[in-house]
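Asks: Given next are the chains, with one letter for each unit.
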Amino acid sequence: MALLEIAELSKRFGGLTAVQKLGLEIEPGEIVAMIGPNGAGKSTVFNLITGVYAPSSGRISFAGTRIDRRPTYRIASAGIARTFQNIRLFAFMSALDNVMTGEHPLMHAKLWDSLLHTPFGRNEEKRVRARALDLLGLVGLDGDAQTFAGSLPYGSQRRLEIARALAGNPKLLLLDEPAAGMNPREKTDLLALIREIRALGTTIFLIEHDMSLVMQISERIVVLDHGESIASGTPAQIRSDPAVIEAYLGAPR
Amino acid sequence: MIYLYYLVTIGTVIAASRTERLGLKRGLYAGLGALLLIAPLFDRNDADYNILADTGIFLLLALGLNIVVGFAGLLDLGYAAFFAIGSYSYAMLASPQFNVHLPFWALLFIAAAIAAIFGILLGAPTLRLRGDYLAIVTLGFGEIVPQVFQNLTKYTGGPSGISGLDTPNFLGHSFGVFSLPYYYVTLGLIALGLWLASNVRNSRLGRAWVAIREDELAARHMGINTTTAKLAAFSLGAAFSGLGGVVFASKLSVVSPDSFQFSVSILILAMLVLGGMGNIPGVIVGSLILTLVNSVLLPQANTIAAAIHLNVDFTNVHLFIYGAILVGIMLFKPEGLLPSRKRRAELRTALGKSEA
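If you read the protein sequences in the order shown, they are chains A and B.
Reading the first sequence from the start, the letters are residues 6 to 258 in the numbering used here.
Reading the second sequence from the start, the letters are residues 3 to 358 in the numbering used here.
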């Protein structure tokens with residue numbers, strides 16, 4: 006069974022159709038990329054999956070359950086985490102607190118555990134903290150645990166956002182342009198990081214404009230144009246697909 | 003003599019906030035607590051404890067509002083409504099009004115629970131609002147609640163309120179007409195309040211609040227149910243003022259709607275702004291300074307003025323004084339006297355951007 010199943014998904018904003026009858030399936034353990042020109046509706050698809058927007062029509066199922074029209078926090082708790090195109094860290098929280106906030110869905114502390122610092126609450130807090138430090142290590146930010154997220158350099162912020170998204174132990178990770186603004190070295194590191202995350206058992210669905218990165222990392226690519234899926238297949242298939250070349254990579258000279 | 007309490011407390015809190023060593027910090031607070039506990043052995047002037055008990059009530063209110071505004075970032079301009087609800091809970095359940103005479107100690111819990119429930123009821127309609135809009139709606143609630151108490155004459159005694167409230171007992175001993183027992187009660191409640199507030203600050207819920215305050219959409223993507231988290235902030239904050247209300251009403255032995263005007267909400271908010279919003283030591287310092295001005299300095303200025311036959315009433319200018327203090331702090335230290343690291347960074351960034 007597919008981990009994520011999107012069928013007949015449409016989203017209209019007034020007269021504008023941002024997503025048109027989109028169908029898409031992502032199998033567990035895959036790395037799938039979504040590409041397309043600016044304004045093709047890629048981020049809208051992410052916002053539909055995470056419940057920021059309600060679909061105008063169509064279905065989204067995650068691990069066999071319908072998730073469209075569920076509130077965002079429940080979708081997140083069900084195991085879909087994401088990063089944002091324009092980084093949305095908690096700028097004035099430490100890097101460590103950002104990741105610990107990401108662990109929210111894994112935690113069971115109730116109001117009274119928080120208020121009274123019960124032994125259960127304290128132990129959980131300790132565990133969560135240790136795990137957050139591990140995750141900071143994974144993305145190479147162990148030295149910056151106490152730094153405000155907003156004062157970190159740009160590339161570090163991108164990686165911190167990934168650590169925060171991973172903190173909830175998601176089954177599916179949505180990355181919205183993770184390489185944007187990164188230099189070639191940071192991109193190489195990012196490539197390794199994404200592979201490492203997949204090795205830990207997380208399925209990855211990413212939006213990315215950097216073609217070389219997309220071609221290197223994805224097992225499958227979906228191409229979106231004007232809200233419609235115009236092609237889907239392996240990197241090699243996409244590279245030679247005439248419709249894609251015309252819509253996105255530019256007509257051959 | 004009374005100044006000593008304020009000076010020692012403010013000094014200790016500032017000293018404690020300067021050190022990073024947790025042991026020393028705890029030691030300083032414990033020492034301060036012990037000192038305040040034994041102070042009545044040396045100071046037998048009950049008038050001092052009258053002022054200090056009132057100070058304690060306001061500190062309790064400030065700690066509660068700090069949860070709503072400082073931690074969760076929900077600007078509440080009608081916080082006095084919950085103070086009123088707490089006070090009236092005591093007035094209705096421990097007085098000849100309905101001939102119900104529940105014990106003071108039980109009513110602390112009951113009033114806190116009633117205020118918490120109203121926190122949820124009044125918080126629920128505001129959940130989708132942010133910033134200015136939230137402030138306007140809470141301001142409205144703050145006006146409505148005293149109006150309701152004023153006009154439900156049959157139950158609340160109308161504008162003249164309810165009087166002849168029960169005097170609390172402790173192990174069979176009546177508090178009598180003394181302020182000292184109330185001083186000890188507020189001391190205990192403040193210790194409890196400080197413990198709860200600092201616990202919740204560093205917890206799953208506390209982080210959720212800060213996350214909501216920073217970026218509500220991102221917080222939802224972390225699996226945070228922003229609805230319940232906000233309601234928890236409203237109800238917890240309200241519970242604190244429920245406690246404060248019970249002590250306030252029992253100490254005064256009378257409640258009336260005019261004790262819960264808009265200026266009370268503003269006074270408490272001013273304490274947070276002055277001290278440093280979101281930072282517990284800052285809240286303590288802010289509320290001590292404003293109550294010192296209000297209950298000690300202004301009355302004394304009056305006495306001095308009367309002695310030299312100067313015909314001014316300084317207590318009438320208290321709003322002007324708050325205003326001056328607030329303008330001063332906005333100009334010179336907008337993050338407050340004792341801000342958290344977070345708040346300082348936020349304001350520095352915000353100001354840096356607006357200047358650029």
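Accuracy of the hints is not assured; some may be wrong.
Covered stretches of chain B (in silico footprint by chain A; criterion: 3 or more residues with CB under 8 Å from a CB of chain A, positions within the stretch not fixed) [as the list claims (entries may be wrong)]:
{"id": "1", "segment": "16 to 27"}
{"id": "2", "segment": "195 to 205"}
{"id": "3", "segment": "217 to 224"}
Restricting the straight-line Cα-Cα distance to at most 25 Å, the calculated cross-link-like pairs of lysine to any residue (SDA-like) are [to be verified]:
{"id": "4", "chain 1": "A", "residue 1": "192", "chain 2": "A", "residue 2": "159"}
{"id": "5", "chain 1": "A", "residue 1": "176", "chain 2": "A", "residue 2": "83"}
{"id": "6", "chain 1": "B", "residue 1": "27", "chain 2": "A", "residue 2": "28"}
{"id": "7", "chain 1": "A", "residue 1": "115", "chain 2": "B", "residue 2": "122"}
{"id": "8", "chain 1": "A", "residue 1": "176", "chain 2": "A", "residue 2": "158"}
{"id": "9", "chain 1": "A", "residue 1": "131", "chain 2": "B", "residue 2": "295"}
Here are the in silico distance ranges between beta carbons for each label pair [unchecked claim]:
{"id": "10", "chain 1": "A", "residue 1": "20", "chain 2": "B", "residue 2": "22", "range": "52 to 60 Å"}
{"id": "11", "chain 1": "B", "residue 1": "350", "chain 2": "A", "residue 2": "26", "range": "45 to 53 Å"}
{"id": "12", "chain 1": "B", "residue 1": "302", "chain 2": "A", "residue 2": "147", "range": "50 to 58 Å"}
{"id": "13", "chain 1": "A", "residue 1": "12", "chain 2": "B", "residue 2": "352", "range": "43 to 51 Å"}
{"id": "14", "chain 1": "A", "residue 1": "26", "chain 2": "B", "residue 2": "329", "range": "54 to 62 Å"}
{"id": "15", "chain 1": "A", "residue 1": "135", "chain 2": "B", "residue 2": "352", "range": "31 to 39 Å"}
{"id": "16", "chain 1": "A", "residue 1": "57", "chain 2": "B", "residue 2": "131", "range": "17 to 25 Å"}
It should be emphasised that the hints constitute simulated quantities derived from the structure, not laboratory data.
Note that the Cβ used here is the ideal one computed from N, Cα and C, for glycine as well.
Asks: For a quick check of understanding: which of the numbered hints are violated here, in increasing order?
Replies: 1, 6, 8, 9
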